Amino acid sequence: MYLFGEFKNISNEEEIKDLLDIADSKKNNLANTPIRKILFFLDELSKEWQVGGYWYNLALNQLPNELSFSKEMIKNTLDLVSDLLCYDELEKRLLSEFGTLESLDEFSIHTHFEGKIQNFSLGKLLHVSAGNVFLGCIDSLLMGFLTKNINILKLSSKNQTFPKIFAESILKLDKEKIISDKFAILYWKGGDENVEKLVKNNIDAIIAWGGESMLESYKKDLPINVKLLDYGPKISIQVITKEFLNFNSIKTVSENIVNDIALWDQAACASSQNLFIEDGVDVTLLMNSIADSFNNYKLSRAKLDQDEYVDILKEKARADYSYCSTGIDYIQGDDFMIHFDPSEILRPSPLNRTLIIKPFKNILTLSKNLENFKFYLQTCGIGISRNQRNEYLRLLALAGIKRFTPIGKMLSGMSGAPHDGKFGLRDLVNTVSYEQPNDLDEFLANICDKVAFFDNFKGKKIQDFPLTDGETILLNGPGSQSESLLSNKDYSFIFASGGTSGSPKYSMYKAVEFEKTCKLLAKSYILNGLEQSDVVANLFVSGNMWSSFSAVQLALQYCPITQLPIGGKTSIEDIQSYFNTFKPNVVFGLPGMLVDLALKTQGISVSKVFYAGEAMNDSNKKLLEKYWGVNKFISAGYASVDVGPIGFQVPNGKIGEHYFFDHIYPEIINNELFVTSTLRESMPIVRYKTGDQVRLLEKDINGQKFMLLARSDKQIQIWSCRFYLNDIGDVLNTIKENLDYQVILKSKLQVGDIMQIFVDCDLNNIDDRKLLNAIYKKCKDIEQTISFEQFCIKTSISNNSFVKNERTGKSSKLIDLR
Amino acid sequence: MNTTCIDLLLESNPFEFSQDSSQLFLASLRETALKHYNGNVFFKSLWDKNMIHPDQIKDEADIKKIPMIMVNIFKEFELVSCDKADIVLTLGSSGTGGQRSLMHLDQGSLDRVKKLAYKIHEELGITSSKKYNYLCFTYDPKIANDLGTAFTDELLTSFTDINEVYYAIQFDERKNDFQLNEAGVVDKLIEFSKSDIPTRILGFPAFLYKIIIDYDLKLTFPKDSWLQTGGGWKNHANEEISKSKFRDFIFERLAIPKENNRDLFGMVEHGIPYIDCSQGKLRVPNYARVFIRDPKTLEILPYGEIGLIQFICTYNSSYPSMSLLTTDWGILKKSDDLIAGDILEIVGRAGTSKHKGCAIKAAEMLR
Chain B
1 MYLFGEFKNI SNEEEIKDLL DIADSKKNNL ANTPIRKILF FLDELSKEWQ
51 VGGYWYNLAL NQLPNELSFS KEMIKNTLDL VSDLLCYDEL EKRLLSEFGT
101 LESLDEFSIH THFEGKIQNF SLGKLLHVSA GNVFLGCIDS LLMGFLTKNI
151 NILKLSSKNQ TFPKIFAESI LKLDKEKIIS DKFAILYWKG GDENVEKLVK
201 NNIDAIIAWG GESMLESYKK DLPINVKLLD YGPKISIQVI TKEFLNFNSI
251 KTVSENIVND IALWDQAACA SSQNLFIEDG VDVTLLMNSI ADSFNNYKLS
301 RAKLDQDEYV DILKEKARAD YSYCSTGIDY IQGDDFMIHF DPSEILRPSP
351 LNRTLIIKPF KNILTLSKNL ENFKFYLQTC GIGISRNQRN EYLRLLALAG
401 IKRFTPIGKM LSGMSGAPHD GKFGLRDLVN TVSYEQPNDL DEFLANICDK
451 VAFFDNFKGK KIQDFPLTDG ETILLNGPGS QSESLLSNKD YSFIFASGGT
501 SGSPKYSMYK AVEFEKTCKL LAKSYILNGL EQSDVVANLF VSGNMWSSFS
551 AVQLALQYCP ITQLPIGGKT SIEDIQSYFN TFKPNVVFGL PGMLVDLALK
601 TQGISVSKVF YAGEAMNDSN KKLLEKYWGV NKFISAGYAS VDVGPIGFQV
651 PNGKIGEHYF FDHIYPEIIN NELFVTSTLR ESMPIVRYKT GDQVRLLEKD
701 INGQKFMLLA RSDKQIQIWS CRFYLNDIGD VLNTIKENLD YQVILKSKLQ
751 VGDIMQIFVD CDLNNIDDRK LLNAIYKKCK DIEQTISFEQ FCIKTSISNN
801 SFVKNERTGK SSKLIDLR
Chain R
819 MNTTCIDLLL ESNPFEFSQD SSQLFLASLR ETALKHYNGN VFFKSLWDKN
869 MIHPDQIKDE ADIKKIPMIM VNIFKEFELV SCDKADIVLT LGSSGTGGQR
919 SLMHLDQGSL DRVKKLAYKI HEELGITSSK KYNYLCFTYD PKIANDLGTA
969 FTDELLTSFT DINEVYYAIQ FDERKNDFQL NEAGVVDKLI EFSKSDIPTR
1019 ILGFPAFLYK IIIDYDLKLT FPKDSWLQTG GGWKNHANEE ISKSKFRDFI
1069 FERLAIPKEN NRDLFGMVEH GIPYIDCSQG KLRVPNYARV FIRDPKTLEI
1119 LPYGEIGLIQ FICTYNSSYP SMSLLTTDWG ILKKSDDLIA GDILEIVGRA
1169 GTSKHKGCAI KAAEMLR
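These protein sequence lines map, in sequence, to chains B and R. Per my numbering, residue 1 is the first one in the first sequence, and the count goes up by one each step. Per my numbering, residue 819 is the first one in the second sequence, and the count goes up by one each step.
Hints listed in this document are in silico derivations from the structure and should not be mistaken for laboratory results. Quantities reported herein were computed from a predicted structural model and do not represent experimental measurements. Hints may be right or wrong, so weigh each one.
Partial selection, computed: residues in chain R whose CB lies under 7 angstroms from chain B [as the list claims (entries may be wrong)]:
{"#": "1", "residue": "Ile905"}
{"#": "2", "residue": "Thr908"}
{"#": "3", "residue": "Gly1166"}
{"#": "4", "residue": "Gly1169"}
For lysine to aspartate or glutamate, the following EDC-like pairs were computed, each having C-alpha atoms within a straight-line distance of at most 20 angstroms [what the hints assert, rightly or not]:
{"#": "5", "chain 1": "R", "residue 1": "Lys867", "chain 2": "B", "residue 2": "Asp574"}
{"#": "6", "chain 1": "B", "residue 1": "Lys316", "chain 2": "R", "residue 2": "Asp866"}
{"#": "7", "chain 1": "R", "residue 1": "Lys1028", "chain 2": "R", "residue 2": "Glu991"}
{"#": "8", "chain 1": "R", "residue 1": "Lys937", "chain 2": "R", "residue 2": "Asp1160"}
Each pair of labels, with its calculated beta carbon distance range [stated by the list, open to error]:
{"#": "9", "chain 1": "B", "residue 1": "Tyr187", "chain 2": "R", "residue 2": "His871", "range": "49 to 59 angstroms"}
{"#": "10", "chain 1": "R", "residue 1": "Asp880", "chain 2": "B", "residue 2": "Lys298", "range": "41 to 51 angstroms"}
{"#": "11", "chain 1": "R", "residue 1": "Lys949", "chain 2": "B", "residue 2": "Asp329", "range": "57 to 67 angstroms"}
Cβ coordinates follow ideal geometry from the N, Cα and C atoms, glycine included.
So that you can see chain B by itself, here it is in the shape it has in the complex (with noise of 0.2 angstroms):
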């Protein structure tokens, strides 16, 4: 026995009473413990379970004088054990079932839910394993210790030295006792009721794996406070049909056919059966087929037990039953014997490779009569054609067929996947949710937790934060030296921006927080017009970590619409080829990436323009009325990469007119906005500086509105690009010291935006292509936007006066004519 970190024996059932009292005492601990801790140890435990190494050769030394399998089928077992327990294995199974790692661990955000959940163990597990995967029960403990359960291993009679071996080298290897003081094995007769009582009576939940009796056992008085979790007794079968055969060789489809039969000789809830062959398949030959198959199988079958024979001794009597009308004898072997029945209906195996063929009219009627064994049925080998499938899957399903795999692979189930209907995982988690609204509080409180950057904020109001901007993203987010206002990089996207000038700022969002900052704008498409039965075109330019396209994209498909994901750097003529073809009629892009390609288009019609990176002016919106037909413009949300959706419109809305999305506090100094943004608690977005001045409005029903007004900095966009006016003035600095200059934004008709660029002196002397290059080096959005020949016809180099305020009579640096 092993009781909680140390080999012991325990005789009665006060001391079990006493194990079960000191269960108790560790569920905390281990709840403490993050889920990756575990991870990362049982990582380490792989290693130590590698083919060939100690405890791999303990326990293929020992196994073979206790079970029944065969040495051979042993090791092959063993083979597995190492891949069970390793990282990416244990991971995928858990964000199978929990979408991520960290809510069993802490509260955290859910995609749909609009409070927190964390996953919670169950407490105290007891686990009562079948005998007949020895792997079994240590899957069954893995997966307490992935929930967090305190786990106590009932052995089976039959399989008691495998646990002991794993048991001893969880304990050597767990110098911090991770998991090793944190499950008991023990072992008592099935069917003690005093024990059994005894146990009931102080756990909190039962996975049982095995027999129907050994369930009705667990399930009898069990108190109503625990909760069983039965697995078993279950059946599985394979179909294959006549298309099936026809284009599959009958050798190889065998060899399929045995593996999910030999390994581990059917006494596995996923080891088949019965093979139900579509009327039409040469029964002969199939069955010839696979004992050649059974004869050259590698391993060899285990050795039985009387008993077990003359179960096998009822099957042959069967058979000569069933050759008795069919005129097919069956088929036996050293170690296997497969029978041929007519009977249609589904009949358990004696096992131990031993197979029962039998015919199906079609799925109609193989379906029917497999829905009376609806509550017994779990895997399908299925050898079907692809014109079968769809039928085939949904009809088998609603016999009651749990899960589906191609022939041969039945015993062999991808991680992660659900098992006898249900995903096991969850069962074994209390899921908790917190619905405490993520308010500016809550989200102040969490972030000063979890987030360097605000350790010294505990406590404090919103007042009291700093305020922050694009600089102190550059100091203290991803790819910083401190990285600072990061929380963690699991699973999370990190998106650039503003590499204009100098370095690129980098913003990180959790995966679910893309996810939900993409399902707000999505709400926001489809409040603004976006409708189902649209073809929509992504001319966001995708790639370079930037994050238009892929937020499009990913919103867009919460959007009951058809995509293309086309992307703004697509060359023309691709461009012009998909609209043929697709003939989108709602277009996402940059307006002045729009224009261009409206001019270089021909024959395209889009009925709706969403616009994002840039204002819509009226030329461009007269351009694209003209060119492409558009009739309505709708902004794509009012947002930016550093904050995420700050803001949306509603359709008739006015120009600049928008409304905040709920999770966005925000805060004006100076009438410029400043955000808090409770949506991201990866990297705190708290009191930043949005660079744009705004207005407060009336609040309605869509909440509190606001008129965007302008810049307030010296923000240059153009042609899809941000850069700022200092950019173009260390530019021409190159060329002259404290050259004076004037920046003019238009837009013209047939042309689209210019920028014109006025300097204070002669510079004939000055290469144009020269100038130009050196604002390529510096504002690198305009030489992967804009090409040599685009930027020459829209930008104007002069030495004219500079405008002047009429008024005042002072001029401006920065003029926007547009």
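Using the hints provided, position chain R relative to the given structure of chain B.
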């Protein structure tokens, strides 16, 4: 009516084993086998597949070659070798394992099974012309007239003169099911123990054992009272005690002499009763042959080794169970006393391997 070989066999002493008795048995076997061969398609198919014909059964060694039908087939399929119109009685097994066999008897077979039962009991000193009270731990045959055990008990009561018969398992109309009337049994036991007329208690040993324990009975039955058990401990296997301890127990609690405590092993599919002699040994009569077989190879095992029991009989021409492979473990021993004929020991139920895992077994789905 022509006298058949089987009729001749049943005229003979069931415990006489000689060259002549062997020939009588072989002749009856050929005769019955031929009837099944011609009357049952499956039987014929099995013999043909094994390339053997009834005419080829010439000596005792040939008997070992005849094909067997395993008992589960009779539980799963309805088999008959005669015209269905000729069937006069159908008896069902108890269905302990979840499935029941139905044995069909034509008039000849019914008469013969009664006759052979009487002959065997007579030879073992169990029949009597005296009057007895009967307490039967079985179903009232008037209601459960298709059940083998009820038939047997009714038959057994006919082997003596009768004063009164009390059937302990009675139909409860409220529950719409048969119930053991425990209180009624206790009353009857007390009543019969005080009677001058001796008593014969028939039926499942577990029921009587449990009632004696539960009601802490200690009674003195009149001399020449008997306990004739049968049917094994069935669902009370965990309470089973050895035959000798049970005999001691019954003697101590009911004062029934040990030599009058006789167990019977029978199967509805087979029909031959294997009955304890006064020393408590189940005797194999010449009306049957018993072999013990290895479940893996089906080889016949020597005396003293445990294996699957195969029964062969010849009296039944309407039901093709003449060579029956059972799912019971048994041992065959040579007689070591004055009664000829082998001794059969029943070891237990076979094919009940403990469930190893979560793959279903047939018995579970049948529940």
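Taking the hints in turn, this is what the structure says about them:
1. Because the closest C-beta pair between isoleucine 905 of chain R and chain B is about 21 angstroms apart, greater than 7 angstroms, the hint is violated.
2. Checking threonine 908 of chain R against chain B: minimum C-beta separation of about 20 angstroms lies over 7 angstroms; hint violated.
3. The restraint placing glycine 1166 of chain R at the interface with chain B is violated, with a minimum CB-CB distance near 10 angstroms, outside the 7 angstroms limit.
4. Interface hint status for glycine 1169 of chain R: upheld, as the beta-carbon distance to the closest one in chain B is roughly 4 angstroms, under 7 angstroms.
5. Among the hinted pairs, lysine 867 of chain R with aspartate 574 of chain B is inconsistent with the structure: their alpha-carbon atoms are about 74 angstroms apart, more than 20 angstroms.
6. Of the supplied pair hints, the one linking lysine 316 of chain B and aspartate 866 of chain R holds, its CA atoms being roughly 16 angstroms apart against a limit of 20 angstroms.
7. This hinted pair does not check out: lysine 1028 of chain R and glutamate 991 of chain R have alpha carbons roughly 24 angstroms apart, beyond 20 angstroms.
8. Restraint check: the Cα-Cα separation between lysine 937 of chain R and aspartate 1160 of chain R comes to about 17 angstroms, which is no more than 20 angstroms; the hinted pair holds.
9. Between tyrosine 187 of chain B and histidine 871 of chain R the beta carbons are some 56 angstroms apart, a value that agrees with the proposed interval 49 to 59 angstroms.
10. Between aspartate 880 of chain R and lysine 298 of chain B the beta carbon distance is about 43 angstroms. The supplied range of 41 to 51 angstroms therefore holds.
11. Look at lysine 949 of chain R against aspartate 329 of chain B: about 58 angstroms separates their beta carbons, and that is inside 57 to 67 angstroms.
Checked against the numbered hints given earlier, this structure breaks hints 1, 2, 3, 5, 7; the rest are met.
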